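With chain G's structure known, arrange chain F on it following the hints.
From first to last, the protein sequence lines are chains G and F. Numbering follows my numbering, in which position 76 of the first sequence is assigned residue number 76; successive positions increment by one, without gaps. Numbering follows my numbering, in which position 2 of the second sequence is assigned residue number 1002; successive positions increment by one, without gaps.
These are calculated hints, taken from the structure and not from any lab test. You can trust all of the hints, since none of them are fake.
Computed beta-carbon distance windows for the label pairs:
hint: 1; chain 1: F; residue 1: P1193; chain 2: G; residue 2: S102; range: 18 to 24 Å
hint: 2; chain 1: G; residue 1: S102; chain 2: F; residue 2: R1163; range: 32 to 38 Å
hint: 3; chain 1: G; residue 1: T137; chain 2: F; residue 2: L1144; range: 33 to 39 Å
hint: 4; chain 1: F; residue 1: V1092; chain 2: G; residue 2: H39; range: 23 to 29 Å
hint: 5; chain 1: F; residue 1: F1003; chain 2: G; residue 2: L108; range: 29 to 35 Å
hint: 6; chain 1: G; residue 1: V129; chain 2: F; residue 2: V1092; range: 33 to 39 Å
Only pairs whose alpha carbons sit at most 25 Å apart, straight line, appear in this in silico DSS-like list of lysine-lysine:
hint: 7; chain 1: F; residue 1: K1170; chain 2: G; residue 2: K130
hint: 8; chain 1: F; residue 1: K1169; chain 2: G; residue 2: K133
hint: 9; chain 1: F; residue 1: K1034; chain 2: F; residue 2: K1012
hint: 10; chain 1: G; residue 1: K71; chain 2: G; residue 2: K3
hint: 11; chain 1: F; residue 1: K1170; chain 2: G; residue 2: K133
hint: 12; chain 1: G; residue 1: K38; chain 2: G; residue 2: K71
hint: 13; chain 1: G; residue 1: K3; chain 2: G; residue 2: K38
hint: 14; chain 1: G; residue 1: K14; chain 2: G; residue 2: K38
hint: 15; chain 1: G; residue 1: K3; chain 2: G; residue 2: K14
hint: 16; chain 1: G; residue 1: K38; chain 2: F; residue 2: K1098
hint: 17; chain 1: G; residue 1: K130; chain 2: F; residue 2: K1169
hint: 18; chain 1: G; residue 1: K71; chain 2: F; residue 2: K1098
Note that the structure is predicted; figures quoted are calculated from it, not measured. Quick reminder that beta carbons are idealized off the backbone N, C-alpha and C, glycines included.
What follows is each chain in one-letter form.
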Amino acid sequence: MLKALSELFWTFAKVGVMTFGGGYAMLPILQREVVENKHWATDEELTDYFAIGQCTPGVIAVNTATFIGQKNQGIIGGIVATLGVVFPSLVIISILAGFISSFSHLPLVINAFAGIRVCVCILIFNAVVKLWKSAVTNRLGLVLFLVVALGSMLFHISPVLFVILAALLGILLVQFQGKEASGK
Amino acid sequence: MIFLQLFYEFFKTGLFAVGGGLATFPFLSNMADKTGWFTHSQLMDMIAVSESTPGPLGVNTATYVGFVTAGVPGAVTATIGLVTPSIIIILVIAGFLKAFRNNRYVDSAFQCLRPTSTGLIAASGLSVAASAFFRTDAGESLSLSALKPEAVILAAILLAVTRFIPQTKKLHPIVWIGFSALVGVIFTFGGVPMS
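Isolated chain G (complex conformation) (with noise of 0.2 Å):
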């Protein structure tokens, strides 16, 4: 047992280590630690996992970690091995973030940070335009994706409300189908 729960660990650490970002580019590491070393699962399932872990709350890799580790160990292997792929971010950003902090002052460091943004900003509005194609397929996508922007930005609401009330809109529209398909 304890073997396994270790061997879980190591190999989602693995797998954090080697995921640069995340979402669709950790998929070929999964497929290859998880799917053909380990026989932990078959393809079919690991892209059943992905794409669930794609429509639940949370990153993906973290959703992806507990279905795998789950399936293999129970509940203490869904946890060890999320543990396990959250570990090297742990290690790696806290030795960066300290690092990164004593030298904030250089002018070197500051000036770097200040280009850095620019591209941050870019990297995010590219992000936005990719979304965007697979989100705002139809009208009531884009009046959406409107009033969430403007709404956000306007009144400083929590994204928390947002969230709850799209899920619930969601939800009232099937209803709302349903109804209208079985008056027809």
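Below, chain F without anything else, positioned relative to chain G:
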């Protein structure tokens, strides 16, 4: 006390941030406004570092915010807070996987959640952009005279190489983060002389 607060804020983020990648960003931007633990420009620096280091983006930024707020214990608390809702939700739905995947309500909810998440990211992007393009960090007195022309030129170049030039479009963002750091140093974007 700060640890309880950190855990709560990141639990909320993990519970409501849908879609991966930058999905946690609007929650962090909101956190910066509400708690004062970090500024918008710090948040952008954290995103850049998180994007350039191994590990999922959402986890890296959570760790970074936690570290900035309360050191290594803060980093651990924030990260545990972020993943706790995921663990609970996934363990619950693991029992009825197929039913969840094919559920009409779940599907419809996500039809609405995707544009919502995109709208939130766009709005937060605009609100942090002020610290990159204007000389003041206050955000209150944004005037055209405070606009940094060098930042606008860099943004135009980056937009061209990441979106329109086929040879450079596919390059990893790290390349552009490094390039921008260099440009920032050469043209003293921070307004601090290099000597």
